[in-house]
Structure formats: C-alpha cells, structure tokens
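Q: Listed here are the chains, written in short residue letters.
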Amino acid sequence: MYSTKNPSLRINEADLKCKNGCGYYGNAEWEGYCSKCHHEHIQRERIKKSGGLRGLDHGERDFVGDKHTRSPVGFSKFEEKKRQQAEKKTKLPKLSVFRKSSSSKDSSRAEQFQELSNAAPELEKLKQDYHDLFSLVSQSVQHDVCRFITSLNTKILKNADLVSVEELSEIVQNFYQVFAKRMEANVIYADVSQEKKEMLLDYVEKYVMTCLYTILFCPPSTADEEKDLSIQNRIRQLNWVNAQHLDCRINETKSEVCDLVYTAISDMLGMDSAKAPQDKLNCVVRCCRNIFLLLQQSVGGPASADEFLPALIFIVLKANPARLKSNINYVTRFCNASRLMSGEGGYYFTNLCCAVSFIENLTAESLNMAVEEFEQCMSGEVAPPSTWESTLMMCEGMHLMYEQLAMLEDMHNRYSSFVDGASGLKEEMHKFKSDITKEVALVLARTPLTIQPKKAPTDIDSENPSCEALPAPIVPQVVARQLGLELATVKKIESTKDLQPDSRASTPPRDCFSMSPPFGLNRSLDELITPDDIFAAQESLSFVQELTSVNYDIDLSDLSTENSYAEDVPTADELRGGVVLPLETRPTEDLTQSLLDTAESPTGGLLPSPIKPVCTGEYQGFAAQGCQIPSIPCDTGDTQSLKFDTCGTVDPGSSQVSVVGETVDSVASDGRSGNKTEETLVQILSGIMTTFDTLF
Amino acid sequence: MRTIEGKIVVLGAQGVGKTSLVVRYVGKMFSRHMSPTIGASFFTCKLNVEDMRVKLQVWDTAGQERFRSMAPMYYRNANAALIVFDITQYYTFEAMKVWVKELQRNVVECLVLSVVGNKTDLESQRQVPTEEAVQYAASIGGSYFESSALHDEGIEDVFLSTAIRLIRLSRDSVCPGLRIYDSSDPASPISNVGKGSLSEGSVQNQYSLQGTSVVHAEAERTRMCC
Numbered sequence: 001m002y003s004t005k006n007p008s009l010r011i012n013e014a015d016l017k018c019k020n021g022c023g024y025y026g027n028a029e030w031e032g033y034c035s036k037c038h039h040e041h042i043q044r045e046r047i048k049k050s051g052g053l054r055g056l057d058h059g060e061r062d063f064v065g066d067k068h069t070r071s072p073v074g075f076s077k078f079e080e081k082k083r084q085q086a087e088k089k090t091k092l093p094k095l096s097v098f099r100k101s102s103s104s105k106d107s108s109r110a111e112q113f114q115e116l117s118n119a120a121p122e123l124e125k126l127k128q129d130y131h132d133l134f135s136l137v138s139q140s141v142q143h144d145v146c147r148f149i150t151s152l153n154t155k156i157l158k159n160a161d162l163v164s165v166e167e168l169s170e171i172v173q174n175f176y177q178v179f180a181k182r183m184e185a186n187v188i189y190a191d192v193s194q195e196k197k198e199m200l201l202d203y204v205e206k207y208v209m210t211c212l213y214t215i216l217f218c219p220p221s222t223a224d225e226e227k228d229l230s231i232q233n234r235i236r237q238l239n240w241v242n243a244q245h246l247d248c249r250i251n252e253t254k255s256e257v258c259d260l261v262y263t264a265i266s267d268m269l270g271m272d273s274a275k276a277p278q279d280k281l282n283c284v285v286r287c288c289r290n291i292f293l294l295l296q297q298s299v300g301g302p303a304s305a306d307e308f309l310p311a312l313i314f315i316v317l318k319a320n321p322a323r324l325k326s327n328i329n330y331v332t333r334f335c336n337a338s339r340l341m342s343g344e345g346g347y348y349f350t351n352l353c354c355a356v357s358f359i360e361n362l363t364a365e366s367l368n369m370a371v372e373e374f375e376q377c378m379s380g381e382v383a384p385p386s387t388w389e390s391t392l393m394m395c396e397g398m399h400l401m402y403e404q405l406a407m408l409e410d411m412h413n414r415y416s417s418f419v420d421g422a423s424g425l426k427e428e429m430h431k432f433k434s435d436i437t438k439e440v441a442l443v444l445a446r447t448p449l450t451i452q453p454k455k456a457p458t459d460i461d462s463e464n465p466s467c468e469a470l471p472a473p474i475v476p477q478v479v480a481r482q483l484g485l486e487l488a489t490v491k492k493i494e495s496t497k498d499l500q501p502d503s504r505a506s507t508p509p510r511d512c513f514s515m516s517p518p519f520g521l522n523r524s525l526d527e528l529i530t531p532d533d534i535f536a537a538q539e540s541l542s543f544v545q546e547l548t549s550v551n552y553d554i555d556l557s558d559l560s561t562e563n564s565y566a567e568d569v570p571t572a573d574e575l576r577g578g579v580v581l582p583l584e585t586r587p588t589e590d591l592t593q594s595l596l597d598t599a600e601s602p603t604g605g606l607l608p609s610p611i612k613p614v615c616t617g618e619y620q621g622f623a624a625q626g627c628q629i630p631s632i633p634c635d636t637g638d639t640q641s642l643k644f645d646t647c648g649t650v651d652p653g654s655s656q657v658s659v660v661g662e663t664v665d666s667v668a669s670d671g672r673s674g675n676k677t678e679e680t681l682v683q684i685l686s687g688i689m690t691t692f693d694t695l696f
Numbered sequence: 001m002r003t004i005e006g007k008i009v010v011l012g013a014q015g016v017g018k019t020s021l022v023v024r025y026v027g028k029m030f031s032r033h034m035s036p037t038i039g040a041s042f043f044t045c046k047l048n049v050e051d052m053r054v055k056l057q058v059w060d061t062a063g064q065e066r067f068r069s070m071a072p073m074y075y076r077n078a079n080a081a082l083i084v085f086d087i088t089q090y091y092t093f094e095a096m097k098v099w100v101k102e103l104q105r106n107v108v109e110c111l112v113l114s115v116v117g118n119k120t121d122l123e124s125q126r127q128v129p130t131e132e133a134v135q136y137a138a139s140i141g142g143s144y145f146e147s148s149a150l151h152d153e154g155i156e157d158v159f160l161s162t163a164i165r166l167i168r169l170s171r172d173s174v175c176p177g178l179r180i181y182d183s184s185d186p187a188s189p190i191s192n193v194g195k196g197s198l199s200e201g202s203v204q205n206q207y208s209l210q211g212t213s214v215v216h217a218e219a220e221r222t223r224m225c226c
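If you're matching them up, the sequences are chains A and B in order.
Heads up: the first sequence at position 683 corresponds to 683 in this note's numbering, and the numbers run straight through without jumps.
Heads up: the second sequence at position 23 corresponds to 23 in this note's numbering, and the numbers run straight through without jumps.
Source of the hints: derived by calculation from the structure; they are not laboratory data.
Check the hints yourself; a few may be wrong.
Below 25 angstroms or equal to it, Euclidean Cα-Cα: the simulated SDA-like pairs (lysine to any residue) are [unchecked claim]:
1) A:K19 x A:E40
2) B:K55 x A:S338
3) A:K158 x A:D132
4) A:K197 x B:K55
5) A:K196 x B:M73
6) A:K181 x B:R171
7) A:K227 x B:D51
8) A:K197 x B:K28
9) B:K28 x A:Q296
10) B:K55 x A:M689
11) A:K181 x B:K101
12) B:K55 x A:E198
13) A:K197 x B:R179
14) A:K676 x A:L695
15) A:K181 x B:T3
16) A:K181 x B:L178
17) B:K101 x A:Q296
18) A:K181 x B:S170
19) A:K181 x B:R179
20) A:K181 x B:R76
21) B:K101 x A:M341
22) A:K155 x A:S221
23) A:K227 x B:S170
24) A:K227 x B:M73
25) A:K206 x A:T154
26) A:K197 x B:T44
27) A:K196 x B:D51
Here are some chain B residues the structure puts well away from chain A; computed CB gaps all over 12 angstroms [unchecked claim]:
28) R76
29) N79
30) Y90
31) A95
32) E156
Built from N, CA and C at the ideal position, the CB exists for glycine as well.
Just chain A, same shape as in the assembly (with noise of 0.2 angstroms):
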C-alpha cells in the first residue's frame, strides 16, 4: 500500500523497510515500523507507562499478524480499509478494558448515551404508539417494564464489546423468555390479559432494540456486511432471471400485478429501513401478503406454498435488498423466537430464509437450464429474451398503451353517446314540427275560419241597393177609418214611446211592443249568458205560467208545451254555449212565415190576422224574453193589449206579429190623415225593416 502511494524512486528502498529492520515494509503511519513491529513498540510503551500487564494477547497477535499477511482479495480498497477501521474500532474498547482506564470507559459510555439519544423521535414515536395500552396497564407494570427495559440496555451496553453477536443474541432472547415467566408468574400482571402481555413484551422488544440498534445491527465484529455485499452481487449476476426460470406464475405483464410485484418490491426494501426486529417482520409479512394478493389473481384461488415460494425468491431477486442478510440475522438473533418460530411472521421469514439459501445456492440444475446456458447468462454473455428489466419496459408500454385506449374507447364511448343524442334531439324536433303541424291542421280542419264581412251598421236613409230586394214598401192605402180602436192602438203606441222615450232613440219601434221579440232577441245576444238572466227567463216563464195558468181559454196542447218548456229550461252551462243560436233563428223564420202570411193577405189586413199555431217551442223563448216587460200592459193600461194577451191569441209570438201588421195597417190608414202620422208610420217601418235586418 505504501508503496503504491510513492513510487517515486527518489526515495531509497531502505527507507521504506521497517525501523526495525525486520525485513517488512514500514509506514510513515506507524512511525517508519511495519504494522506489527509497530504494535510491538505500542505495547512496549503502554507496558512501560503502565507496568502492569505483563506480554500480550495471544488472540491479538494472531489477528494482527492475520491482518498483515491478509491481501485484499474479492474486494475494493475502499471495503478493506472500512474493515480495518471497524477492526481498530472493536479492538480499541479491548484494549480499554486491559488498560481499566475510567477515561476511555467514560468516553466509551458517553459514545453510547449518544448514540441512545439518536434513536430518541423514534422511541418517542414508539412511546406514543403504546400509550393507549400503558393507559390501560396499572403504575407498577408500567415500572416494571421500564426497570426491565433499562436492565436490559445497560446489561448489553456493557457487554457489546466483549462478546460475540451470538452471546448478545443468548442474552436477549434470555431476557425475552424471563420477562415473559415474569410476566407470568409475577402478581402486578396478575390482571393484565394474554393480549396485553404479548404486547407488553413487544414494547419492551421494539424499544430495547430501537435503542441498541446501532450497535446489534450487522455488528462489525460479524461477516454480515460481507455476506451482505455478497448476496447483492449474486442477486444482481441473476438479474436476467425471470418468472418463467422460476417456474412461477406471475403474469408480469398484466397491469394489476404489475402494480403488486412493485407494492411487494417496495415492502421488502422497506424493510431495511425498520429498526425494531418485529417491524422488520412486519415489512416481510405485508410483502409475502401482496405476493399472495398477486397469486390470488393470477392463479384465481387461494395461493398455495408451491407458488408462493418461487414468487417470493422472484421477488428477493427483482428487489435486490440493501444489506439482506445483516437484516435477516439481526432478526434471527434479536427477534423474539417465539414469534419468528410460529405465527404468520414466522412462517413468511422462513420462506425469505429458504429463498435467500435457494439464491446462494442457485444452479443450471434448479433453474432447469443446462449448464451452459446458466454459465453464460451468469457471465453476461447472452441475455435471456425476457428479462425482468425488457419485461418492465413492455409493461410499462403496454400500461400506457392500454390507458390510452382505454382512454378512446371513454371518448368514443362519450362521442358516440353525444352524437345519438344530437340525433335524438333532431328526430324529437322532426317528430315535433310535424305533430305541431298535424295538431294545427287538424284544429283547422275541425275549425275553419271563415272570415265573414263585417256588419255595417244600416243607414235607413242611405239609399240601400239591398233595400231593393225588400218587397217593396208597403203603400200605404187609404182606408176608412172604421176602427176607432185602430186610433186608439196608435196613440197607445205614442203613449209608449213618451214613456220611453231613450229606448226610442236607438231603437225606436222596437219597445213600443211591450212583447217584441226582436227586442228580446237582442237581449238574449247579449245578455242572457249570465246567470242572472237566466233566472228572469225562468220568472218570466213562471209569470207565462201564472199567465197560462189564468187564462183558462188556453188549449191543453199548448199548455203541455208550456210545460215540457219548463223542464226543458236550459242549464247555465248549455246557455253558455251555442245553445242561444237557435233561439236566436228559429223565431224568426217562423216570424217571417207568419208575417208571409200576414202579407200574402194583404187586402185582409183588416181583418184580424189568421191565428196560426207556431211551433210552440220557438214561441216560448219570446215568451220567456218578451215577458220581461210586464209591466208594459199596465203601463198602457190598455184593455186592448190585455185582450191580446188574454184572449186574443193563444200565442203572443205570431199574433204580436200579426198585431204589428195590424197596427201598421191600421196606422198606414191612419197616416194618410196627417204628416205627423206620416212620420210616425216611417219610423214604425223603419223600425220593422231594422228588427228584419237584425234577424237577417
């Protein structure tokens, strides 16, 4: 080494041997001694200083002339040189106790006190993780626990540097049985259930080796880390090893599994990172679980160990565990034994145990491959087709690939769901505007619309071209006045029209017959809807009755009219509608007809007009309307109007008609006498013309 670092050949060989002239190579390190003559001249002078201990240490001896002779063989500088300053590092405290210095013993001790406090946030951690059973255990377990907690740390402080891992291991799992017959056997656990005591023995278990985790962990006095580097070198030459050598079933291209082998990866490299043995147990059985999880799916049942055991190696290879084996024995040595000899822990232990010595022990012959074959894919020289890395690659394709399609297939899905609705709110428009329509046509065809010229009102005095088709006014002829009663009826008519004289101004003639029916008839237009006129036609009706009911000259046919009339009186609902109509025509028709009659006879217009039975019907809606006006007759006072109401017909209808014809005559005949008569005739006629045209 020495001579490595100058090979300058300025320096003379001789120099660099030993002072001692021993014939070995000295360093500058040593004082110019080699490595054991140095040692010698220490020991000497330790001897001198203290002058007690007299020779040395055979074992000492022997390791540091083994030390010397020793070439770094299979490893880098860097690991050999890490080795000697652990081996310096365990021999120092040896040394301490051969020279029961307090000095270095307080150091040593200070040392340890710090590298407790380094673990402190996890042993607060751990602390607040048990809270809630210390919560439930009473005052004096809890100091038990604590008092055997420190017994036990300071007992392995104390003895760390003196004896080996296995001895350290003896005393831990010593301390675990008598803690546990403790706990047993002692009166303060008396009430504390089985539970609570495993718990309490894994609290004591996780804290302790918390705390001495620095210094149990791959112990420098141990071959761990070599075994440790090893393993890593192994694993990493079987890289190319894949699910198919292994025989186990792993679909690794399958995406869920995938995601599994990786949560497994992660679980057991997580395991390095645990600190107390049963939480590296932990690590080991939720991987073993995930391993299981990702059988489940791939053989589709309950995993059994036949392809557990290659799935679980297949794992230890792919995940390639920092310092597997320095953690696998600091669990076998400080791990509870009767944890990791039963239980579900145990059991998944065993199986990383088994699939750490099956890698160590891998061969052509285990993996079914001749040998060849396994030498060069060991060298390096011929990569399998599949390896795990190309595999995850693939995978890592084929994953993005089938995210994306699946991710289409959501559009198209999405696309084509959007379209059949485009397509469906485009057919209900159709289907829509075609039953709006349909609908409208036939609303029209049931309803045409006839639009029918409007009614102008009639001037009488214009010079009407309809007026020409009128039968020509009737001449007024001279007649003798025969009848005073004729007179009479006229100046009864002014009477009326003083009377009344608004109702002359619009329709002048109308009212001067206290039963016309076109009065009635217009009434009926535009009134009678309401209810209330409904209840008059029904009074006058009964008034028609009462009247009826007088007149005993009244012939029973008409009378049964009258009646049936009475039940027949229209609802509300039937007034309402269309029902007035043909009480607004029919009258009239069979008014026209009367008066053809009165007209055909012209010549015997003085004689009293023809009584005719009408339709009894049509007379009984003039009746109901005409006899609005009672109080007409009285008014006048006339017999005359009473006797035509009375006695003179049977049907006021036709012989009001026939009346009117009379009294025109008979006013016609009067108007010959005099202008004033002359007028009133005019405004009679046009009168009669107006009620003609409204009826029309």
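Given chain A's structure and the hints, the job is docking chain B onto it.
A: Positioned in the frame of chain A, the structure of chain B alone reads:
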C-alpha cells in the same frame, strides 16, 4: 380455557396432494369461519376439544424437488408433522419413509407424526396396501389416515386427531416447543372447527380410538427425543 399452540408442518413428495389437502381444509374453514388469511400455505385454525383449545398453525411446504433442501427450515420447531404420500404411487410411500427418518434425525422436540395416504378416490389404482401403511405408522409411533382431497374425505379427522394428540402430549410430558397458556379472555372469538365441540360424543370416541396409538407414540418418542 387452556390453549395449546402447535405448529404442524405438511411434508411429502411432489405431487402427492399436500397442497390440495391443505387447500381443501382451508377452503372449508373459509366458509365456516372468517379468516383473513389470503394464502393457503399458512393458516391457523382453532379446535375446541373438551375443555382445551388447540390453535394449530399449519405450515405448508413447497413440494418442488428443488426446494427439497429447504425443508429443515420449515420443520424446525414443529410440534406435529403430516407426512403425505400418494396411495397410487408406491415410490411416494418410500419417500415418506425418508421424510420420517429425516425428521427423527433433525427434530429434537417431541413430534406428533401423522401419516396420510391421499387419493383414496383412485382406489382402483392403489399401490400401497392400507395394512402396510398402518403397520409403518405404528412402527414410527404415528397414526395413519387415508383421505381424498378430491372428494373431501377424512381430512378433518387428520387435523382433529393431531389436535387431540397435541393435548395428550402437553399433559403427559413437558414439551418446550409447545406453547401452553391460559386464555381467560372470554371476548376472544371461539371458532368451532370440526367435530371437536359440535358433538362431544364423537370427539370422545375419536379420542379413545387414538389413545392407543398415542401411547405407542410415547414409547417411540423416548427414542426420538434426545
């Protein structure tokens, strides 16, 4: 109630039906009481026999030949072993004998041995006579069972008898590997498995039947235990 915790390891040559046996039993347990175990290679089952509760931890082993050398790791600290062979393959019977020898050599603790001849559904192809198997089982201090994992016959008997013999073992001798403790916690779920507590009579019957072979096993064990 006193609880005995025991570890049973299932051994045997490849293809004799160890896994089917275990899977069949586990499958039944799954339907009968809920166990969160997801794999069939390791599971615990609790059997109530008389006033004792036996917690069995069943460790299945990988049957492949290349894992043969790992077996000692599995049967270390086991309290009972089921050694399975195929009655239609005589060589598996021979292999079973090798397993027994290996166990006797390596296991220092008292071990309850059960020899199981599987695949009775293939009776027509039988190569191992029942008498021979019974004789052999008696010679090693074990009991012999015949089962059919396919038809689910005789499997529960195997586990039940193992439990009974573990109880017997715990009474007769001090066995450090066997964890015995009082579980006074009544809240802990009690799962009744097999005929154990369902029909006490049959258990009693079973128990007395097994009595002789257990006694025989005791005699053998003195030689087996170091």
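Q: Given the hint that K181 (chain A) pairs with L178 (chain B), test it: the Cα-Cα distance must not exceed 25 angstroms.
A: holds (15 angstroms)
Q: Can you confirm whether the C-alpha distance between K196 (chain A) and M73 (chain B) stays at or below 25 angstroms?
A: violated (30 angstroms)
Q: Can you confirm whether the C-alpha distance between K206 (chain A) and T154 (chain A) stays at or below 25 angstroms?
A: Since the Cα atoms of K206 (chain A) and T154 (chain A) sit roughly 16 angstroms apart, the hinted pair holds (cutoff 25 angstroms).
Q: For K181 (chain A) and R171 (chain B), compute the direct alpha-carbon distance and say whether it is at most 25 angstroms.
A: holds (20 angstroms)
Q: Starting from K158 (chain A), check that the Cα of D132 (chain A) is at most 25 angstroms away, please.
A: Not OK: K158 (chain A) and D132 (chain A) at ~32 angstroms, beyond 25 angstroms, violated.
Q: So if I understand the rule, the pair passes when the alpha-carbon distance is 25 angstroms or less; does K181 (chain A) with R76 (chain B) pass?
A: holds (23 angstroms)
Q: Take a quick look at whether K28 (chain B) and Q296 (chain A) sit within 25 angstroms of each other, Cα to Cα.
A: OK: K28 (chain B) and Q296 (chain A) at ~18 angstroms, within 25 angstroms.
Q: Please verify whether K101 (chain B) and Q296 (chain A) have alpha carbons no more than 25 angstroms apart.
A: violated (35 angstroms)
Q: Please work out if K55 (chain B) and E198 (chain A) have their alpha carbons no farther apart than 25 angstroms.
A: holds (16 angstroms)
Q: Just to be careful, I want the Cα atoms of K227 (chain A) and M73 (chain B) compared with a cutoff of 25 angstroms; is the pair within it?
A: holds (20 angstroms)
Q: Does K55 (chain B) pair with S338 (chain A) here, judged by a C-alpha cut-off of 25 angstroms?
A: Holds: K55 (chain B) and S338 (chain A) sit about 15 angstroms apart, inside 25 angstroms.
Q: Please verify that the nearest CB of chain A lies beyond 12 angstroms from R76 (chain B)'s CB.
A: Contrary to the label, R76 (chain B) does not stay out of reach of chain A, its closest Cβ about 8 angstroms off (not over 12 angstroms).
When the structure is compared with the earlier hints, violations turn up for hints 3, 5, 7, 8, 10, 11, 14, 17, 23, 28 and 29 and for no others.
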